[in-house]
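There are 2 protein chains.
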Amino acid sequence: MADKVYRASTTAPVNIAVVKYWGKRDAKLNLPTNSSLSVTLSQDDLRTLTTASASASYSGDDTLILNGEVSDISGARTQACLRELRARRAALEAANSDLPKLSTYPLKIVSENNFPTAAGLASSAAGFAALVRAIADLYELPESPSDLSLIARQGSGSACRSLFGGYVAWRMGEQADGLDSRADLVAEASHWPDMRALILVVSAAKKGVSSSSGMQQTVATSGMFKERITTVVPKMMDLMEESIKNKDFEQFAEVTMRDSNSFHATCADTYPPIFYMNDVSKTAIRAVEYINAKAGRTVAAYTFDAGPNCVVYYLEKDAPTVLGTFYQALSSVSGWKEGTASVKSEFQLEDNLASVLKDGVSRVIMTGVGEGPQKTNEFLVAEDGSTVKR
Amino acid sequence: MADKVYRASTTAPVNIAVVKYWGKRDAKLNLPTNSSLSVTLSQDDLRTLTTASASASYSGDDTLILNGEVSDISGARTQACLRELRARRAALEAANSDLPKLSTYPLKIVSENNFPTAAGLASSAAGFAALVRAIADLYELPESPSDLSLIARQGSGSACRSLFGGYVAWRMGEQADGLDSRADLVAEASHWPDMRALILVVSAAKKGVSSSSGMQQTVATSGMFKERITTVVPKMMDLMEESIKNKDFEQFAEVTMRDSNSFHATCADTYPPIFYMNDVSKTAIRAVEYINAKAGRTVAAYTFDAGPNCVVYYLEKDAPTVLGTFYQALSSVSGWKEGTASVKSEFQLEDNLASVLKDGVSRVIMTGVGEGPQKTNEFLVAEDGSTVKR
Chain A
1 MADKVYRAST TAPVNIAVVK YWGKRDAKLN LPTNSSLSVT LSQDDLRTLT
51 TASASASYSG DDTLILNGEV SDISGARTQA CLRELRARRA ALEAANSDLP
101 KLSTYPLKIV SENNFPTAAG LASSAAGFAA LVRAIADLYE LPESPSDLSL
151 IARQGSGSAC RSLFGGYVAW RMGEQADGLD SRADLVAEAS HWPDMRALIL
201 VVSAAKKGVS SSSGMQQTVA TSGMFKERIT TVVPKMMDLM EESIKNKDFE
251 QFAEVTMRDS NSFHATCADT YPPIFYMNDV SKTAIRAVEY INAKAGRTVA
301 AYTFDAGPNC VVYYLEKDAP TVLGTFYQAL SSVSGWKEGT ASVKSEFQLE
351 DNLASVLKDG VSRVIMTGVG EGPQKTNEFL VAEDGSTVKR
Chain B
1 MADKVYRAST TAPVNIAVVK YWGKRDAKLN LPTNSSLSVT LSQDDLRTLT
51 TASASASYSG DDTLILNGEV SDISGARTQA CLRELRARRA ALEAANSDLP
101 KLSTYPLKIV SENNFPTAAG LASSAAGFAA LVRAIADLYE LPESPSDLSL
151 IARQGSGSAC RSLFGGYVAW RMGEQADGLD SRADLVAEAS HWPDMRALIL
201 VVSAAKKGVS SSSGMQQTVA TSGMFKERIT TVVPKMMDLM EESIKNKDFE
251 QFAEVTMRDS NSFHATCADT YPPIFYMNDV SKTAIRAVEY INAKAGRTVA
301 AYTFDAGPNC VVYYLEKDAP TVLGTFYQAL SSVSGWKEGT ASVKSEFQLE
351 DNLASVLKDG VSRVIMTGVG EGPQKTNEFL VAEDGSTVKR
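In order, the protein sequence lines correspond to chains A and B.
Residue numbers for the first sequence follow the UniProt record's numbering, so the first one is 1 and each next one is one higher.
Residue numbers for the second sequence follow the UniProt record's numbering, so the first one is 1 and each next one is one higher.
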C-alpha cells in the first residue's frame with residue numbers, strides 16, 4: 001500500500017486596511033512601528049485557495065505551486081512560517097506517539113487565487129494566511145486564529161489580519177520577541193454586514209517601490225514619520241474602533257481617508273520620495289469628494305495601498321449614490337456585477353473626472369466585508385498526491 | 001503749468017524657495033509658521049517692472065494697471081502695503097514741510113512681467129516686491145530692504161524675500177506684531193554666482209488650490225504639519241544656510257529636495273488632500289534622480305512650489321550633465337537659450353522618462369541666481385501721467 005497523503009484545504013481572504021501598516025521596528029520578525037486595522041473582504045470575490053499536503057511518499061524538499069507555477073519557498077519569510085508550524089506539530093507528535101509523523105514528511109502545497117495577479121492587489125496577505133491556516137489544519141494544531149496570526153505575520157505583516165473575517169486590528173505590541181504583535185477581532189462581519197467595497201483597478205505604467213523596502217526607506221528618511229506613528233495612528237486607531245463599534249460610517253470614512261492621506265504623505269516625505277498614487281488615483285479621490293459633496297453627507301471613503309488602485313468603501317444603502325455614480329462613468333470597463341446597471345444615481349461625475357477615470361481604470365471589483373479563512377473540501381492536491389489540473 | 005507727475009521705476013525678481021513657506025500663524029499680517037529660504041532668480045529672465053507715480057493732477061482712487069489690464073487693488077493685502085508706505089511718507093512730510101505732499105496724492109501704478117502669466121510662475125512675489133520698492137523710491141523712504149520686507153510681506157508672504165538678491169532667508173519671528181518677521185540676506189549672488197536654475201513649465205489641466213487657502217487647510221488639518229514646522233524646518237534652515245556659506249552643492253541639493261518632499265507631503269496630508277505635483281512632475285523627479293545616479297554625485301536638485309512646474313537647481317560647471325541631458329529629451333520645446341544645443345551630455349534619459357517629459361513640459365526657462373530690485377529709467381508712466389504704450 002502506498003503511503004497515505006494527508007491533506008487540508010482552506011480559503012483565505014484579502015484585507016484592505018483602513019488604518020495602514022507602514023514601517024517595521026524589526027524587519028526579521030515583521031514587527032510593525034504602529035498598529036493597523038483592516039476590513040476583510042468577501043471571498044466570493046477575492047480569495048486564495050490553498051491545499052497543504054504531507055506524505056512519507058513525497059521526496060525532497062517542501063514545494064509550493066502557486067497559480068500553476070512552481071514557487072520559490074527558500075525565502076526567509078516562508079521558511080519562518082514552515083519552521084514554526086512544523087515545530088508545533090513536532091511538539092504534538094512528541095506528546096502523543098499515536099500521531100503520524102507529519103512533521104517529518106515533505107510538504108506539498110498548491111495555491112491559487114481567484115483574481116488576476118495583474119490586478120495589482122496585494123495577494124500576499126491572503127496567500128500567507130491561507131498557507132498558515134491550511135498547514136495548521138493539516139497538522140491539526142490547536143492554536144487559535146490570533147495565535148496563528150503570529151506565524152502568518154512573519155510571512156507577510158498584513159497577512160496576520162487575514163486570519164479573521166470582519167473588522168480586524170493588528171496590535172503592534174511592545175515585546176522584542178513579537179509575541180504580543182498579533183491580530184485581534186474588532187467586530188465580526190455580521191456586526192456591520194452592509195459595508196461594501198468598490199475597487200477601481202488602475203493600470204500602473206510600472207510597478208512602484210515594493211512595500212517591504214519602501215516602508216523601511218520611510219522609517220529611515222522621513223522627517224515626519226515619527227509623528228505619524230506616535231501621535232497620528234494611535235488617535236486613528238481609537239477613532240476607527242469607535243466608529244466600527246458604533247457603526248458610524250461618517251467617522252469610519254473620515255478616518256479611512258485621513259489615514260490613507262497620512263500614509264501616502266509619509267511616502268512622499270521619504271527620500272527619495274515614493275509615489276504610489278498617480279493622476280488617475282487622485283481623480284478617484286476627487287470623484288469620491290464630489291459624490292460626498294453632492295450627497296451632502298459622507299457616503300463614500302477612498303483608501304489606497306502601496307499602488308494606484310482605489311478602494312472605495314460605502315454602505316449598501318448608499319449603493320445608488322456611490323456605485324451608481326461610478327457605474328455611469330465606468331460602465332464600459334469589466335467587473336461590474338449583474339444588475340448594477342439598474343442601480344441609478346441622481347448625480348453624474350463632471351466630464352473631466354469621468355474621462356480620466358474611464359481612460360485609467362482597467363476594471364472594477366465589487367465586493368464587501370466578509371468572513372475569515374474557511375475549511376473546504378475543494379482540494380488542489382489529489383488523494384494520490386498529484387496536483388489537481390484545473 | 002500742469003501739476004508735476006512724480007515717478008519712480010524699479011524691477012524686482014522672482015524667488016524660488018529651497019526651504020518652503022507653508023502655513024501662517026497670523027493670516028492678516030502674513031506671519032508664517034516657519035522660516036524659509038530662497039534663491040533670487042536673475043531678472044534677465046524673470047522680472048516685474050513697476051512704475052509708481054503720484055500727482056496732484058490725478059483724481060480719484062489709487063490705480064494699478066498690471067500687464068495692460070486694470071487690476072483690483074481694494075483687497076486687504078494691497079491696501080495694507082499702500083497704507084504702510086503712505087504713512088511713512090506722511091511722517092517724512094510732517095517732519096519736513098519742504099517736501100511735496102505725495103502722501104496726499106492718488107497713486108498710479110503700472111506693472112508688467114517679462115514672462116507669460118500662463119507659465120504658472122508665482123508672480124506675486126516679484127509683483128509685491130516691485131510695488132513696495134517702487135513706491136518707497138517714489139516716496140524717497142529711507143527704509144532698508146529688510147525694513148521694506150515687513151511691508152512687502154503683508155502683500156504676499158514670499159514677496160519679502162524678493163527685496164534682496166542672492167540667497168535670502170525669511171526669519172519667521174516671534175512677535176505678535178510681526179516686526180521681527182522679515183527678510184534677511186544670507187549671501188549675495190556674488191558669493192555663489194554659478195547657481196543655475198532650469199524651470200520645466202508643466203501644463204496643469206486645472207489650477208489647483210490657491211496657496212493662500214491651501215496652506216491654512218494644511219495648518220488646520222494635517223496631523224504631521226506640526227512636526228514639519230517645529231522639527232523638520234529648523235533643521236533644514238540650519239543645513240541650508242551652512243551649505244550656502246560653504247558653497248556645498250551636494251548638501252544644498254539634498255536639503256532642497258528633502259524640503260520640497262516634506263512640503264508636498266504636508267499638502268498630501270491635508271484633509272481633503274492637496275496635490276500640486278502631477279505625473280509629469282514626478283517624472284521630472286525621476287529624471288533628476290537618474291541624472292544624479294549616472295553622474296555618481298548630486299549635480300541637480302528638484303523643487304516644486306504650489307504647482308506642477310519643476311525647478312532644477314545645478315551649478316554652471318555641471319551644465320553639460322544637467323542641462324545637456326534635459327535638452328536632449330526636450331529640445332523640441334521653447335525657451336532654450338542660444339548655444340544650449342552645443343552643451344552635450346554623456347547621458348541620455350530613459351525613453352519612458354523622456355517621453356513623459358516631452359508630452360508634459362510646455363516650455364523651459366533657463367536662469368540662475370541674480371540680483372535684487374533695480375532702480376530703472378524705464379518708465380511705464382510717462383511724464384504727463386499717461387500710461388506708456390508698449
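Just so you know, the hints here were simulated from the structure itself, not pulled from any lab data.
Idealized CB from N, CA, C, for every residue including glycine.
Take these hints with a grain of salt, some might be off.
Unchecked claim - Here chain B is said to cover these stretches of chain A; the calculated rule only asks that three of the stretch's residues, wherever they fall, bring their Cβ under 8 Å from a Cβ of chain B: (1) 47–58; (2) 165–176; (3) 333–341.
Unchecked claim - As a list, the in silico DSSO-like pairs of lysine-lysine whose alpha-carbon atoms are at most 30 Å apart: (4) B/K358 - B/K317; (5) A/K24 - B/K226; (6) B/K226 - A/K226; (7) A/K245 - A/K358; (8) B/K317 - A/K235; (9) B/K247 - B/K344; (10) B/K24 - A/K235; (11) A/K344 - A/K317; (12) B/K317 - A/K24.
Structure-based check of each hint:
1. 47–58: That given contact is violated, which follows from only 0 residues of the region 47–58 of chain A lying within Cβ reach (below 8 Å) of chain B.
2. 165–176: violated (count 0)
3. 333–341: violated (count 0)
4. B/K358 - B/K317: Holds, because 25 Å separates the two Cα atoms, which is no more than 30 Å.
5. A/K24 - B/K226: Holds, because 23 Å separates the two Cα atoms, which is no more than 30 Å.
6. B/K226 - A/K226: 12 Å, holds
7. A/K245 - A/K358: Status violated; Cα separation ~36 Å.
8. B/K317 - A/K235: With Cα atoms ~50 Å apart, B/K317 and A/K235 exceed 30 Å; violated.
9. B/K247 - B/K344: Satisfied, since the Cα-Cα distance of roughly 25 Å is no more than 30 Å.
10. B/K24 - A/K235: 25 Å, holds
11. A/K344 - A/K317: 13 Å, holds
12. B/K317 - A/K24: 42 Å, violated
Hint compliance for this structure: hints 1, 2, 3, 7, 8, 12 are broken, all remaining hints hold.
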